[in-house]
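K.L.:
Here is what each chain is made of, one letter per residue.
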Amino acid sequence: RKEVEQDPGPFNVPEGATVAFNCTYSNSASQSFFWYRQDCRKEPKLLMSVYSSGNEDGRFTAQLNRASQYISLLIRDSKLSDSATYLCVVIAYSGAGSYQLTFGKGTKLSVIP
Amino acid sequence: DGGITQSPKYLFRKEGQNVTLSCEQNLNHDAMYWYRQDPGQGLRLIYYSQIVNDFQKGDIAEGYSVSREKKESFPLTVTSAQKNPTAFYLCASPPPGWGGVTEAFFGQGTRLTVV
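Residue numbers (our numbering), protein chains in the order written: chain E, 1 to 113; chain D, 1 to 115.
FYI, nobody ran anything at the bench for these hints, they're computed from the structure.
Keep in mind that this is a model prediction, so the values were computed, not measured.
Each hint can be trusted.
List time: in silico BS3-like cross-link candidates among lysine-lysine, alpha-carbon distance up to 27 Å:
#	chain 1	residue 1	chain 2	residue 2
1	D	K83	E	K42
2	E	K42	E	K105
3	D	K83	E	K105
4	D	K71	E	K42
5	E	K45	E	K105
6	E	K79	E	K42
7	D	K57	D	K83
8	D	K57	E	K105
9	E	K42	D	K14
10	D	K71	E	K45
11	E	K45	D	K9
12	D	K9	E	K105
13	E	K42	D	K57
14	E	K45	D	K57
Take these sequences, add in the hints, and give me the full structure.
P.N.:
Structure below.
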């Protein structure tokens, strides 16, 4: 099983739709979780961190389920500008004071007029 | 302002040449990573370093080499042994997993093209 898995998509949704992405992780020592957004031919940019209590930023809601080892991202009222690839990023403690950074392969979202 | 700087942004290489991509960070982070991304593909780990003077191979290390002589710097050399080096290269330097972060910990990337 891969360490961090995402549905690659693409997810094609109409404007105004609600879309949800999931990301599962296998390392139970994972401590920090993030959603990044990557536009074509650009570097990934931080969208939001994911906290155990869940967190919301405008139209975006992120949640963490430690028991089932997955994180989710919900986008409400999709805009054309939301079209991008969404990357799940996990940081896990790997012993001796070191941390391991792992990416999902990304989920591609296309919002259609 | 703290951040990660990659240079150059665009790089052209002739076949058979070695090239070195620069990654510098002033975030005082111990860990640094190099990833490769091909069009329409996810990020693949080339090399990573958790501490100065130490580094480990990632999933696709063949044809690449790195050094970590200083905490701030983690240069990546793409050698002539790399069969298909044309790609987008990203450097990352995440903080320890102490919780949420507000800064993005990627450089802007270097697009390498073999001509």
